[in-house]
Amino acid sequence: MNQLSKKQLVARLLQSFGKKMLSSRPVQEHETELVIDKADLPEVCRTLVQEKKGRLFTMVGNDERELSGHFALYYVFAFDQLQHLITVKTLLEEADPVFPSISAQIPAANWYEREVKDLLGLRALGHPDRRPLILHGDWPEDQYPLRKDFSAALPVSRQPDRGTSMQYSGRDVTEIPVGPIHAGIIEPGHFRFGAVGDTVLHLDAKLFYTHRGLEKSAEGLPLTKALFTAERICGVCALSHAVAFAQAVEAAAQLTPPPRALYLRSLFLELERLYNHIGDLGNLCAGFGFAVGVSHGSRLREQLQQLNEELAGHRYLRGVIQLGGLRLDVTPAELSRLLTVLEQVEADFDELMDIILSHDIALDRMATTGVLSLQQANDLEVVGVAARASGRAVDIRRSHPYAAYGQLDVPLVQYTQGDVLARFKVRAEEVKTSLQIIRQIVCQIPAGAIWAPVPEIQPYTRAMGWAESPRGEVCHWLMVGPEQTVFRYRIRSAAYSNWPAVPLTVPGNIVPDFPLINKSFELCYSCCDR
Amino acid sequence: MFEILRKIWRTGTVTRRQPLPPAAAKYRGKIVIDPERCNGCLECIGICPSGALRTNCIQGKEQLVISHEKCIFCGSCADNCAEQAIKLTNQCYLATRNKQEAQER
Ligand code: SF4
Ligand code: SF4
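Sequence lines, in order, name chains S and B.
Note that numbering that gives the first Met the number 0 gives residue 104 to position 105 of the first sequence, counting from 1, and the numbers run on in steps of one.
Note that numbering that gives the first Met the number 0 gives residue 62 to position 63 of the second sequence, counting from 1, and the numbers run on in steps of one.
Heads up, a few of these hints could be off.
Unchecked claim - Quick list of in silico lysine-lysine cross-link-like pairs, BS3-like style, CA-CA up to 25 Å:
1. B:69 x S:224
2. B:60 x B:86
3. S:37 x S:51
4. B:25 x S:424
5. S:52 x S:88
6. S:88 x S:5
7. S:224 x B:25
8. B:6 x S:224
9. B:6 x S:431
10. S:147 x S:224
11. S:215 x B:69
12. S:19 x S:6
13. S:88 x S:18
14. S:52 x S:5
15. S:19 x S:51
16. B:86 x S:224
17. S:6 x S:51
I should point out that these hints are in silico values taken from the structure, not numbers from a laboratory.
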C-alpha cells in the first residue's frame, strides 16, 4: 500500500463523521487524531468499531487542566489492515466531568471507563457496572490519584469497605471464595465462584491488589529514569515493556534507532517470548498434576535464562534497552553460541511436546476446557495467545511492525477451538516460530551503531509505543512534559485486555479446572494492576 | 510411559550443589567504587534511578558510598562516570547476615 492510498483510505474512514469532527490532525506517521464533542462519543466509537472494524487499542484519561482547563479522554482504535491508529479525543469540563458510556455497545471499554472514574473522577454515564475497579471499596470516593492536584506523598485515610464483590444466593448455590492470598507462588487476586456441586455457574474476579501507582510515580520523572519504571511493570515481560516505552519516546522525538539496534531488540524480544512460552507450557502441566512436564519445562526455561544472562547480563533481560537504541551489543561469537544452545533446546523441547501431546490424561483435561469463543474474544478485544487460540488474528508484530519485524517473516499461529488445548498448541507453535525468527535475525543482522542520541522533545508531545509481549500486545501511551519528563503515562498491558475474558470461560467447567484454565491464559497480575 | 521414563533417565540430575561457578562475564552484579579515581563530581548520584548512591563522611573525608540494597544493577553510574571510578562486577552472591554490610560499602 503506498502512502497516498493509505491517506485516502484514512480520509474515507473519517468521511462519515462529517460535521461531528471538530478537528482532525495527523499526530505521528501512523496516527490520526480527531476531536469530537463528548455527546457524539457513543456514535463515533460505535461506527469505528462495528462498521469500520477498528479495535479498541487503549483508552486514556488525562488531567490537562493546566494546559487547556479541561480533562481529556483519548480513545485509540487500531486498524490492522491499514496499519493505522485513529484517536478520538474529547474534552470534559472540570465542572461537569461526565461523559456517555460506550461499554454497553463496546464491552471492551468496560474496564477503561471504570478506571478513569477511580483514578481521575471522570464518570461514564450509563455504565452498567458502577463498582470501583482499581481502588476497591475502602478508598474514599472523592480522592482521585491521577489528578495533578493529588499528592502521592500524602496519606489517604481509608473508609469501611463498601463490599464490591459479587454475592451469590439461591438454593444449591455454594459460594466459594478463593484468595487474594493463594497457596503457591502466584500473585494476589480474589476469585469468587458460585457453584452448584462441582460445576461453576459464575465467577467473579477481583484484581488490582498489586496496584502500585506506577503511572502516578512516573509523572515528573526524567524520561531516562522512567525507563527503569517501565522495565519493572512486569517481572516476566520486562523487555517488552521497556521496548514499548522506548518506542513511545522515540516516536515523540521522531527518531528511528539504527538498524542494528532494531534487529537486536527483535532478537531479545523473541528470547523473552521463548523462555516465557516454554516455562508456561511446563507450568500448564501443573494444572493437571503432570510433574514431568513441569520439571522439564522449568529445566528448559532455566537453560534459556542462563543464555539471557550470558548475552544480556540479566536473566530477565532487564537493562538491555536504552532510549534511542540498546545499551549493549552482542559479538558474533555470542550469536553462534546462541544458535548452538537454541538447537539443543529445540530438540529437547520437541521431545517434551511429543510426550505431553500424546498423553491421554493431558489431552483429556485440556480439550474442551475453558472455551473462549471468537465472539467473546472479539467483543472484549482479547489479545495475544488467548486471541489467536480462539481464531482472532491479532499479532501486533505483523499488523503494526516495530523493531525489525517489518523486515522479518513472522508467521501467524492460529487455532479456532479456543480451549486450553488450543492455547497450549499456540504457545508450542510460537516457540517454533520464535526460533525461526531468531535464525532469520542472526542471518540478516546488519553491522553498525546500536544507539542514536534522542533529540529534544517539545513539551506536551504525545506518542505511543507497543510490543507483542509473550502474553499479548502491550501499549504505552505517553505525553512528554516540560524538560524531557513524563507528563502522563498510561500502560495498557496484555493482561489488562485479557483478564475480563477469563471469568467468561469458567462457567460450565468444574471447580478443579479453574487453575488449569487460569494457567492457560497465564496472565500477570502486577502488570494489569500497575 | 516408556518415553517419559527414557526422558527422565537421559536427563539425569540437573540441580547443582553450591558453590556454583561464577556468573556470566557480562552479568551485571555488585558495584565497586574506586575512591582513588573518584573526583567527587557527583554526576552518578544524579543519574542513579534508585537513589542507591550518596556521599558519606568516612574518616573525615567525603566519600561516595553505595547501598547494595537499593541498587538495581542497571549500570548507569558506571556508564556515565568520566573517571571510570565505578565498575560493575559479575559478583552475584550478595546475601549477608549483616545488614550494615549490605547498606554501605
Ligand atoms: S561520576 Fe565518577 S567521578 Fe563523579 S562522583 Fe561518581 S564515581 Fe566519582
Ligand atoms: S548500578 Fe544503577 S542503581 Fe546501582 S548505583 Fe549504579 S546507577 Fe544506581
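Practice problem: Please name the hints from earlier in the document that this structure breaks, with their numbers sorted from lowest to highest. | Solution: 4, 8
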